[in-house]
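Protein sequences, first through last, are from chains A and B.
Take the first sequence: its position 98, counting from 1, is numbered 97 in the numbering used here, and each next residue is one higher.
Take the second sequence: its position 206, counting from 1, is numbered 230 in the numbering used here, and each next residue is one higher.
Note that these hints are calculated values from the structure, not bench results.
These figures come from a predicted structure and were not determined experimentally.
Be a bit skeptical, because a hint or two may be false.
Simulated coverage check for chain A against chain B, where a stretch passes if three residues somewhere in it have a Cβ under 8 Å from a Cβ of chain B [what the hints assert, rightly or not]:
| # | segment |
| --- | --- |
| 1 | 24 to 37 |
| 2 | 69 to 75 |
| 3 | 150 to 162 |
| 4 | 217 to 223 |
| 5 | 245 to 258 |
| 6 | 264 to 275 |
Not everything, but these chain A residues come out facing chain B in the computed CB check (under 7 Å) [claimed, not checked]:
| # | residue |
| --- | --- |
| 7 | 8 |
| 8 | 12 |
| 9 | 58 |
| 10 | 87 |
| 11 | 90 |
| 12 | 118 |
| 13 | 119 |
| 14 | 174 |
| 15 | 286 |
| 16 | 287 |
What follows is a list of derived Cβ distance ranges for each label pair [said to hold, decoys possible]:
| # | chain 1 | residue 1 | chain 2 | residue 2 | range |
| --- | --- | --- | --- | --- | --- |
| 17 | A | 177 | B | 190 | 14 to 20 Å |
| 18 | A | 212 | B | 44 | 39 to 45 Å |
| 19 | A | 238 | B | 245 | 42 to 48 Å |
| 20 | B | 44 | A | 139 | 31 to 37 Å |
| 21 | B | 136 | A | 212 | 16 to 22 Å |
| 22 | B | 216 | A | 208 | 15 to 21 Å |
| 23 | B | 136 | A | 238 | 35 to 41 Å |
| 24 | A | 189 | B | 280 | 48 to 54 Å |
We put the CB at the ideal spot given by N, CA and C, even for glycine.
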Amino acid sequence: MKGNRIAIAPYVLIAPAQLLVIALIFVPALYVLFLSFHTSSFGQAPIFVGLQNYVAILSDGYFWRALTNTVIIILIVVHLEIVIGLGMALLLASWTRWRPALLAIILAPYAVTEASAVVIWRFLFEPQMGAVGQALTALGLPTLEWAVEPMHGLIMVALLSVWLHLPFTFIILYAARLAIPTDLYEAGAIDGATPWQQFRRLTLPLLLPAMLIAMLFRYIFAFRLFSEVWLLTGGGPARTTEVSAVYLYLEAFRYHSFGTASATGWLLVLASFGLAYVYLRSIYKEMFRGQA
Amino acid sequence: MAKRKSLRISSLFKALAMLAVCVWSGLPIALIFISSLKLPRDIFASPPSLFFTPTFDNYARLWAEAGNIFQGLFNSLIVTIGTMSLAVLVSLLAAYAYSRYRSRWLSVSAFFLIAIRLIPPIVITIPLFPAVNALGLNDTHFILIILYTAFFVSLGTFVMRTFIDQIPRELDEAAIIDGASRLQVISKVILPLSAQGIVAVAVFIIVYAWNEFLFAFIFTSSFAKTAPLALAELNDSFDGVQWGVVFAAASVQLVPILLFIIMTQKYLVAGLTAGATKG
């Protein structure tokens, strides 16, 4: 009797968390898989169409455009973040004065909602009057016409995303840097290592795992990019700055084509799991180690 | 001699780099707040006016012309507090179970919890939107609270677990020998001792729920519309004409959460490191 109660207790404790996740994420996600093989719209019973939705989106130019934009933005944003974030982490780690205040300034963009970030960046890059717009003109450089030029729109989205998500990348690298024991550097200094050698042989290899984790998470989260694009360009002009999530949104909520939206959604899910495969496998191995 | 000179140059270089970092991270935010206190003619003054008489005109106009931003702030507050309470409670219970018990099924469920978090939120809106409408939950605080909790519970659970793991099991066992139930152990022993972890998780949830846009955009329209959504609509409708009012709106949404982050940055750092490495 007592043994029985002990065996049940943990399942009762995890039940609320599991039920929420199952009801609101797992079951809907499975239903999206089901819908992706059907045509469906408001008030219409799903009709089985096999792979037709996948064929439809894969032969849709807008889908490929959105996917290309997504990949371009991810490649720019994530790698810029890693490089700048690493620089910032090493800079702050070698800094002793006002560290809490500097940390607060660096973390500040974490508090900013996408809606505010868009206000800020529209203001700064306003072509005629904005501070950056004026500075670019003064330097004889072209301003960012993000509302007109698709490429400029994507650059704005990328800049804004880097700004918004840098605190996340920074803090992971900063914490990893602080975790490196100082005597390693002292030993390096005694052996006569130059700062560059210390960075190449010591800092970089020891930070590599943290860099991979930060990159992985940013890849997965950048893949769902929606709000920045939606609020800045709405996917326009003429659907040229759409990303995958915006494409999905338009299919589902503007054209009410739940089938093709679901097919897009399921491809997003597969891509996310594909990106996370190595990470999930290592977690799985760690968890089930020593259990038959 | 030469070494000292190169040292001075490198510290000058470092100082300049740090200045650049501060300008990049902090100036855009400072600019919004400062500009919200300027008259329209000063906002785009060239060169930028450093000295001006602060005015609350923009805030007065915000109150008079776009008052629904304040309703939005109130809705955000309800959703944030609701999400925080529910997610902390649910995560604490699950984290305790994962910290103190071992079984194959528990490992399976923990793995499930981590994996499910990888599903992009927008995907599940496709079937949820009609379901939420059918249940009459559209445009309610409740739907946002449970959705936010569902997406936050795995991070919350595993961050909290790293903190509970540090509490010696002997304390639980002593309490149980004294006749405490599991729930009493959690509320009387674990809760006070894992306060740090609870605050770390709460900080994340508060920032997330206060700022979330996508679910609010899809599932609310008027009654439960949150502040980020109201702000985005204001920014769109004014189309750059009434910048001062938009800045005032952005400031009232941003300043409270910014102060909150500054006050709790210690926990944010602790939680982010625990969360990023533990799943």
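These are the hints, each one checked on the structure:
Counting residues of the segment 24 to 37 of chain A whose beta carbon lies closer than 8 Å to any beta carbon of chain B gives 7, which reaches the threshold of three, so the coverage claim holds. Counting residues of the segment 69 to 75 of chain A whose CB lies closer than 8 Å to any CB of chain B gives 0, so the stated coverage by that chain is violated, three being the minimum. Using a Cβ-Cβ cut-off of 8 Å, 1 residues of the segment 150 to 162 of chain A lie near chain B, which falls short of the minimum of three, so the contact claim is violated. Coverage of the segment 217 to 223 of chain A by chain B holds [criterion: at least 3 residues with CB-CB distance below 8 Å; count 3].
Taking a C-beta to C-beta cut-off of 8 Å, the segment 245 to 258 of chain A contributes 5 residues in contact with chain B, enough for the three needed, and the coverage statement holds. Counting residues of the segment 264 to 275 of chain A whose C-beta sits closer than 8 Å to any C-beta of chain B gives 7, which meets the bar of three, so the coverage hint holds. Nearest Cβ of chain B to the Cβ of residue 8/A: about 6 Å, under the 7 Å cut. The hint holds. Checking residue 12/A against chain B: minimum C-beta separation of about 4 Å stays under 7 Å; hint holds.
With its C-beta approaching chain B no nearer than about 21 Å, residue 58/A sits outside the 7 Å limit, and its interface hint is violated. The interface hint given for residue 87/A is met, as the beta carbon of that residue sits about 6 Å from the closest beta carbon of chain B, less than 7 Å. Annotation: interface hint on residue 90/A holds; nearest CB of chain B at approximately 6 Å, less than 7 Å. A least Cβ separation of about 5 Å between residue 118/A and chain B falls short of the 7 Å threshold, and the interface hint therefore holds.
Because the closest C-beta pair between residue 119/A and chain B is about 5 Å apart, less than 7 Å, the hint holds. Because the smallest distance between the Cβ of residue 174/A and any Cβ of chain B comes to about 4 Å, under 7 Å, the interface hint for this residue holds. Annotation: interface hint on residue 286/A holds; nearest CB of chain B at approximately 5 Å, less than 7 Å. Checking residue 287/A against chain B: minimum C-beta separation of about 6 Å stays under 7 Å; hint holds.
The given range of 14 to 20 Å is respected by residue 177/A and residue 190/B, whose C-beta atoms sit roughly 19 Å from each other. For residue 212/A paired with residue 44/B, a C-beta distance near 26 Å fails the hint of 39 to 45 Å. One distance hint, 42 to 48 Å for the beta-carbon pair residue 238/A and residue 245/B, is violated here, with the actual separation near 25 Å. Residue 44/B and residue 139/A have their C-beta atoms about 22 Å apart, which leaves the hinted 31 to 37 Å range violated.
Our hint of 16 to 22 Å for residue 136/B and residue 212/A holds, since their Cβ atoms are close to 21 Å apart. At about 34 Å, the beta-carbon gap between residue 216/B and residue 208/A misses the expected band of 15 to 21 Å. For the hinted restraint 35 to 41 Å between residue 136/B and residue 238/A, the CB-CB distance of approximately 37 Å keeps it satisfied. Distance hint check for residue 189/A and residue 280/B: the Cβ-Cβ separation is about 50 Å, which falls inside the suggested range of 48 to 54 Å.
The structure does not agree with the numbered hints 2, 3, 9, 18, 19, 20 and 22 stated previously, though it agrees with the rest.
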